[in-house]
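**Q** Residue numbers (our numbering), protein chains in the order written: chain A, 2 to 113; chain B, 36 to 152.
If you are wondering where the hints come from, they were derived from the structure by calculation, not from laboratory data. Careful, some of the hints might be misleading.
[What the hints assert, rightly or not] Cross-link-like lysine-lysine pairs, in silico, DSSO-like; alpha carbons within 30 Å at most:
# : chain 1 : residue 1 : chain 2 : residue 2
1 : A       : Lys14     : B       : Lys90
2 : A       : Lys27     : A       : Lys14
3 : B       : Lys144    : B       : Lys90
4 : A       : Lys27     : B       : Lys144
5 : A       : Lys27     : B       : Lys113
6 : B       : Lys113    : A       : Lys14
7 : A       : Lys14     : B       : Lys144
Here is how the chains run, residue by residue.
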Amino acid sequence: DAGVTQSPTHLIKTRGQQVTLRCSPKSGHDTVSWYQQALGQGPQFIFQYYEEEERQRGNFPDRFSGHQFPNYSSELNVNALLLGDSALYLCASSLVGAGEQYFGPGTRLTVT
Amino acid sequence: AQTVTQSQPEMSVQEAETVTLSCTYDTSENNYYLFWYKQPPSRQMILVIRQEAYKQQNATENRFSVNFQKAAKSFSLKISDSQLGDTAMYFCAFMIYSGAGSYQLTFGKGTKLSVIP
Chain A
2 DAGVTQSPTH LIKTRGQQVT LRCSPKSGHD TVSWYQQALG QGPQFIFQYY EEEERQRGNF
62 PDRFSGHQFP NYSSELNVNA LLLGDSALYL CASSLVGAGE QYFGPGTRLT VT
Chain B
36 AQTVTQSQPE MSVQEAETVT LSCTYDTSEN NYYLFWYKQP PSRQMILVIR QEAYKQQNAT
96 ENRFSVNFQK AAKSFSLKIS DSQLGDTAMY FCAFMIYSGA GSYQLTFGKG TKLSVIP
């Protein structure tokens, strides 16, 4: 049973560029949440997708957008990258109505 | 807004000993979950244990147990018989829950635990 997978593992981008991160949820899960984890900090909630719609959003600017596909996989897009966007981006999946969220290994984004 | 506070940035424990990590939270909600997650250097966030706020009984998972004090809004993690593989960052997390589904996790800043041989 595959767990949550994310791609790519690492990514280096330049300020002003755009980036797309991808996530496949754990088998049987239908809800995907994205978190940003700055170095030395706890993860911060970006948004959550269910039934291909953004259901909840944290305190992040509109430069951060996402999408969920019919197979429940998800993408996180960040436009006009800033140095401060450098972080570990974590995807978590869950089943609607259940409490636990299961995390993927993350994508390390470095903005230079 | 919900907040989670972990007041111990770093802790260490001898192998085979017991250690307790502290967590307090602030919320006006009555229906919620609390979690402890472990993040080893490999950075994969692993669920250690969960506690539903409506349950009075403290959760236990093998060597891991919690002390949940709802009135005090306290949720500590006890690790018994510490092992070298327990070395990791430990995050306390809070989630408001409703019948419509689970929502966002709010995390503390973490406690770095080192198990010493």
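**Q** Now tell me, hint by hint, if it's right for this structure.
**A** Outcome of the hint check:
1. A/Lys14 x B/Lys90: 47 Å, violated
2. A/Lys27 x A/Lys14: Since the Cα atoms of A/Lys27 and A/Lys14 sit roughly 28 Å apart, the hinted pair holds (cutoff 30 Å).
3. B/Lys144 x B/Lys90: 26 Å, holds
4. A/Lys27 x B/Lys144: Cα-Cα ~26 Å, so holds.
5. A/Lys27 x B/Lys113: With Cα atoms ~29 Å apart, A/Lys27 and B/Lys113 stay inside 30 Å; holds.
6. B/Lys113 x A/Lys14: Violated: B/Lys113 and A/Lys14 sit about 41 Å apart, past 30 Å.
7. A/Lys14 x B/Lys144: 27 Å, holds
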